[in-house]
Amino acid sequence: MPKLVLSSRAIQVINKSIDLFHHRGFHTVGVDRIVKECEITKATFYNFFLSKARFIEICLIVQKERLKEKVVSIVEYSQDISAADKLKQLYFLHTDVEGMFYLLFKAMFETKLTYPKAYITA
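Numbering of the sequence shown is given in the working numbering, commencing with residue 1 and proceeding in unit increments.
What the hints contain is simulated information worked out from the structure, not anything from laboratory work. Just so you know, even glycine gets a beta-carbon here, dropped at the ideal spot from N, CA and C.
Lysine-lysine pairs mimicking DSS-like chemistry, simulated, CA-CA at most 25 Å apart: (1) Lys68 - Lys3; (2) Lys86 - Lys68; (3) Lys16 - Lys64; (4) Lys3 - Lys70; (5) Lys117 - Lys42; (6) Lys70 - Lys106; (7) Lys64 - Lys106.
So the derived label-pair ranges between C-beta atoms look like this: (8) Gly25 - Glu76: 33 to 43 Å; (9) Ala83 - Ser51: 35 to 45 Å; (10) Val31 - Ile81: 37 to 47 Å; (11) Gln79 - Ala43: 46 to 56 Å; (12) Asn47 - Phe92: 29 to 39 Å; (13) Lys36 - Ala84: 43 to 53 Å; (14) Thr44 - Ala83: 42 to 52 Å; (15) Ile120 - Lys86: 24 to 34 Å; (16) Arg9 - Ile81: 35 to 45 Å.
Can you make the complete structure from the sequences, with help from the hints?
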């Protein structure tokens with residue numbers, strides 16, 4: 001897959017939408033809600049992301065990359081804690097329902113039928 005290159009404004013839209021998806025779900029947050037909350041036009045949204053399905057996929061790719069970075073930082077750079085504590089931290093990264101990365105877990109249940117490419121990404 002080619003490297004995803006996003007403008008700073010697109011990243012802002014993604015960050016806000018990740019929060020919306022996390023708290024409200026993928027099916028209840030529509031493009032109208034996203035553009036209103038992010039203060040952009042629909043034309044801008046579709047220019048950036050092409051479709052809601054592709055947008056969800058991009059949000060999950062971004063979250064997955066952030067999760068990978070966090071995992072590497074725990075495993076490689078946390079040398080003052082035990083392996084058991086590292087495993088606990090990794091476990092809680094994935095299971096904390098209020099945590100930043102719960103969206104990836106949530107996506108496995110909410111996107112399978114409606115957004116199959118996003119489901120594969122998650």
